[in-house]
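Since the structure of chain A is provided, determine the placement of chain B on it from the hints.
Protein chains: 2
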Amino acid sequence: MKYCSECGSANLVRRAPGHDTHSRLTCADCDKIFYHNPRMIAGCIVEHDGKYLMCQRAITPRPGSWTLPAGFMECGETVEQAAVREVLEETGARVEVISPYSIFSVPQIDEVYIMFRARLIEFSDAPGPETMEAKLLGPNEIPWDNIFYPAIKDILQRYIDEKARGTFGIYMGCSEDGTVHFMQ
Amino acid sequence: MKYCSECGSANLVRRAPGHDTHSRLTCADCDKIFYHNPRMIAGCIVEHDGKYLMCQRAITPRPGSWTLPAGFMECGETVEQAAVREVLEETGARVEVISPYSIFSVPQIDEVYIMFRARLIEFSDAPGPETMEAKLLGPNEIPWDNIFYPAIKDILQRYIDEKARGTFGIYMGCSEDGTVHFMQ
Chain A
10 MKYCSECGSA NLVRRAPGHD THSRLTCADC DKIFYHNPRM IAGCIVEHDG
60 KYLMCQRAIT PRPGSWTLPA GFMECGETVE QAAVREVLEE TGARVEVISP
110 YSIFSVPQID EVYIMFRARL IEFSDAPGPE TMEAKLLGPN EIPWDNIFYP
160 AIKDILQRYI DEKARGTFGI YMGCSEDGTV HFMQ
Chain B
10 MKYCSECGSA NLVRRAPGHD THSRLTCADC DKIFYHNPRM IAGCIVEHDG
60 KYLMCQRAIT PRPGSWTLPA GFMECGETVE QAAVREVLEE TGARVEVISP
110 YSIFSVPQID EVYIMFRARL IEFSDAPGPE TMEAKLLGPN EIPWDNIFYP
160 AIKDILQRYI DEKARGTFGI YMGCSEDGTV HFMQ
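Those protein sequence lines, which keep their order, are chains A and B.
When the letters of the first sequence are read in order and numbered with this note's numbering, they come out as residues 10 to 193.
When the letters of the second sequence are read in order and numbered with this note's numbering, they come out as residues 10 to 193.
Extracted from the complex, chain A is given alone in its bound form (with noise of 0.2 Å):
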């Protein structure tokens, strides 16, 4: 950020306004003060017939690698919504939300995961341009070496392992420290 978007001046600083606890990019002129915050990205699980739904990305960075139906949310929409108009988007196909199975946090790119436990509803349509193939694969045929995000791959094998233990909890973590949390 270079300009202040409230008044076009170039005369930004960091600095804690007020009571803050942080320091934020602030406008030395208008004192429009820029706050930064994570994003989060919404997706899910879609487990059928012990298959699980997951798309060929069509888009840099690394097409021809593969992930579970996921993207950031957006403004107007509740999280599950997100999630499951990600899952159309990429993949065409129509499911609807179970349960959270994921608040995964990654500090380093300021991104949280959230993603649910979804059944599939109808899976038949083509999937949306930012996706080459969206398909159902069975955990010997999912491509682990080629999963986009680590976190996706992290999150996705947990679950595969739960569900041969026959529980799912809430898999809480964080990329950072490997810590996982398994709650139900």
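In short, the hints are calculated from the structure, not lab data.
If you're wondering where the values come from, they're calculated on a predicted model, not measured in any experiment.
Among the hints, a few may not be true.
[As the list claims (entries may be wrong)] Below, a list of computed lysine-lysine pairs in the DSSO-like style, where the Cα atoms sit at most 30 Å apart:
#1 A/Lys-60 <-> A/Lys-41
#2 B/Lys-11 <-> A/Lys-41
#3 A/Lys-162 <-> A/Lys-172
#4 B/Lys-60 <-> B/Lys-162
#5 A/Lys-41 <-> B/Lys-41
#6 B/Lys-172 <-> A/Lys-172
#7 A/Lys-11 <-> B/Lys-41
#8 B/Lys-60 <-> A/Lys-11
#9 B/Lys-41 <-> B/Lys-60
#10 A/Lys-11 <-> A/Lys-41
#11 A/Lys-60 <-> A/Lys-144
#12 A/Lys-60 <-> A/Lys-162
#13 B/Lys-144 <-> B/Lys-172
#14 B/Lys-11 <-> B/Lys-41
#15 B/Lys-162 <-> B/Lys-172
What follows is chain B alone, placed relative to chain A:
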């Protein structure tokens, strides 16, 4: 937003970039795209001997009103760290997260409340400058008509009801349609 924060131009337009399904504020001069995403509020329900840790706001809007300790998640931290930090800043209490309790969207104002159940470790320090007073209050002592955020009031009421029933779900919901889901 009136000026491009990258090049200072006032030539901002709204358009959908490339494959995007949403229109975005975009600089017509330097092509910078500005994304606006919902923000997360992290906090805790801290129950201790049947009482709940609440704080009375010292700052506008509505100084004097009560709330659960919670605030905007910052960059560089996990959701759990944000929740624990907010409790310390707003009440002076040190707490430990037990489990997630709500993922509650408020799409009208583009916020998501992620509230945790937490246990009290120590409650001896004074609260920070945003708080007049921090107190443990029993259900009958809580100033129900003077709770600042409707979402916080809903979440706390639900928690107390569930505690009486002896089971905690994950409280998902949305202030818009009033629908709530309980998931375990």
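Going through the earlier hints one by one, which of them does the structure break, listed in rising order? Those not satisfied are hints 1, 8 and 9.
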